[in-house]
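S.K.: Go ahead and model the full structure; you've got the sequences and the hints to work with.
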Amino acid sequence: MESPVSPDPVVRFQQVGMRYGAGPEILRDVSITLPERSFHFLTGPSGAGKSSLLKLLYLDHRPSHGRIDIFGRNIATTPRSELPAIRRRIGVVFQDFRLIEHLSALENVALALVVAGARFEDVREHVAEMLRWVGLAEQIHAKPRTLSGGEQQRIAIARAVIGKPRLLVADEPTGSVDDVVATRILYLFEELNKMGTTVLVATHNDELVSRFAHPRLELKDGEAALLPPA
Amino acid sequence: MESPDLPLQHDAASRFVPYVIAVMVYLAAIALAGSMLVAAALGGWTRGLSGTLTVQVLPNPGGPAATAKDIGAALKILRATSGITAARALDERSSRALLKPWLGGGAMAPEIPVPRLIDVSVRPGAALDMARLTSRLRSAVPTAEIDDHRKWLSRLFGLANSLEAIALIVLMLTAAAAACAVIFAARSGLSVHKRVIDILHLIGAPDQYIARQFERRAFAQGLIGGIVGLGAAIATLLVMGRLFSGVELFDLGAVRFGALHWIALAALAPATGLIALVTARMTVLRSLSRRL
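Here the protein sequences line up with chains A and B, keeping their order.
All residue numbers for the first sequence refer to the working numbering, where the first residue is 1 and numbers rise by one.
All residue numbers for the second sequence refer to the working numbering, where the first residue is 1 and numbers rise by one.
Do not take every clue at face value.
Pairs of lysine-lysine, BS3-like flavour, derived with a Cα cap of 30 Å [as the list claims (entries may be wrong)]: (1) Lys-194/B to Lys-164/A; (2) Lys-69/B to Lys-194/B; (3) Lys-194/B to Lys-143/A; (4) Lys-76/B to Lys-100/B; (5) Lys-151/B to Lys-76/B; (6) Lys-164/A to Lys-194/A.
If you're looking for bench data, these hints aren't it; they were derived computationally from the structure.
M.R.: In structure tokens, the structure reads:
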């Protein structure tokens with residue numbers, strides 16, 4: 001039996017603009033909607049504002065104008081104390097991985113559950129299983145600096161998905177891996193999508209995008225346009 | 001987790017916090033102990049002096065017989081006064097003995113007359129009309145003077161209150177200095193570990209989760225510093241107690257710390273830990289609250 005679909009889209013941007021400090025607007029009047037269980041690619045040339053849009057999505061930045069609703073909540077009016085709970089329902093794969101250097105692969109991934117109140121001992125086995133699933137069975141106790149870029153990326157992915165997020169946001173998740181691993185990562189995201197996670201993948205790898213039948217949000221000159229699958 | 005998320009134990013800026021706190025607690029403990037000693041001594045003196053009066057009768061120019069007559073008259077009035085339970089005249093030898101430490105043996109020639117003293121005991125709780133008693137005594141013995149020690153005691157109370165206020169100020173200043181050290185360490189930690197804190201934030205860690213790690217570190221440092229400072233202060237007090245045990249400086253040698261005094265001193269260590277904990281928590285939460 002399928003779970004009931006929420007009437008609210010997972011993400012809704014209305015006329016959203018963004019700038020860094022007093023600089024020029026990176027995003028101008030962006031209006032997008034990510035329905036529940038949807039899968040989108042976010043494409044566009046370098047500097048188009050893909051990473052900036054993702055920053056708004058994972059609540060790392062405020063918009064300079066416009067309204068952002070995530071999980072049906074207007075972020076501007078949501079109390080600050082409730083934002084961590086929203087962030088925990090958003091899995092993020094950062095372009096630069098953002099792993100904690102002094103923690104092992106196991107601890108880095110477990111952290112996503114520990115910050116939500118879980119005991120490390122209780123989640124250790126589950127996290128180890130996730131790392132095995134992303135092909136890091138031998139690197140569970142390795143520190144990030146001893147691993148390759150691709151391996152670090154897979155730790156970042158494991159951390160993003162370990163909590164079964166409602167929304168998965170990935171910024172160039174295939175940038176540091178070969179084509180085979182890149183395809184495998186996207187299959188992993190599709191699996192999550194089938195289980196109910198809404199997915200948004202920012203990439204400039206058009207060849208990869210063309211292999212998956214998902215709609216694209218094309219960012220150009222700070223504005224977004226919805227395009228059909230490539 | 002085998003490793004803490006924030007490796008605060010490696011922060012150079014926070015390594016000196018226990019030393020700073022130890023010095024502060026040492027000073028605070030000495031100030032507190034001094035204040036409590038004075039308060040205990042004052043309590044003893046007050047208890048000893050309340051319920052007593054001293055009547056001084058100057059030598060009568062008419063000679064020893066006339067002076068004895070004056071003393072007899074004063075004693076008669078005192079013993080007839082309601083509330084006075086006893087009145088005893090010190091003999092001339094005792095009066096001279098009392099004055100000897102102040103005037104020296106050479107100045108105490110037998111031909112020099114000395115004031116005579118009457119030691120009066122008052123029933124506890126009795127409300128003597130001092131003005132009326134003085135008036136009655138003066139009418140019989142014009143040179144009689146009553147000393148109910150109030151003036152002396154009020155000066156002592158003033159001194160004790162001043163010392164207590166100074167001790168309180170020292171305590172507050174040391175607490176503030178310790179708090180400043182913790183604030184500096186916490187701010188430095190926030191800056192050094194900004195990258196990790198950003199990551200924790202973005203994966204959904206509440207501010208309290210991050211603050212808790214600073215709190216634990218600050219509490220441990222405060223407690224260790226507090227125990228070391230307190231230990232040094234207690235050692236100092238014990239040595240001073242030994243050194244002054246044979247000295248009757250304002251009778252302080254007779255004053256001893258009771259259980260409550262030791263508990264108050266011992267409480268400084270956990271109190272310092274708690275101050276450090278609360279300070280770190282407030283500093284971190286305040287800093288994090290400026291973020292989205």
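S.K.: Each hint should be assessed against the structure and marked as holding or not.
M.R.: Here's how the hints hold up against the structure:
Simply put, Lys-194/B and Lys-164/A have alpha-carbon atoms about 27 Å apart, close enough for the 30 Å limit, and the pair holds. With a CA separation close to 91 Å, the supplied pair Lys-69/B and Lys-194/B exceeds the 30 Å bound. At roughly 19 Å between alpha-carbon atoms, Lys-194/B and Lys-143/A fall within 30 Å of each other, so this suggested pair holds. About 29 Å separates the Cα atoms of Lys-76/B and Lys-100/B, which keeps this hinted pair within 30 Å; it holds.
This hinted pair checks out: Lys-151/B and Lys-76/B have alpha carbons roughly 26 Å apart, not beyond 30 Å. Of the supplied pair hints, the one linking Lys-164/A and Lys-194/A holds, its CA atoms being roughly 12 Å apart against a limit of 30 Å.
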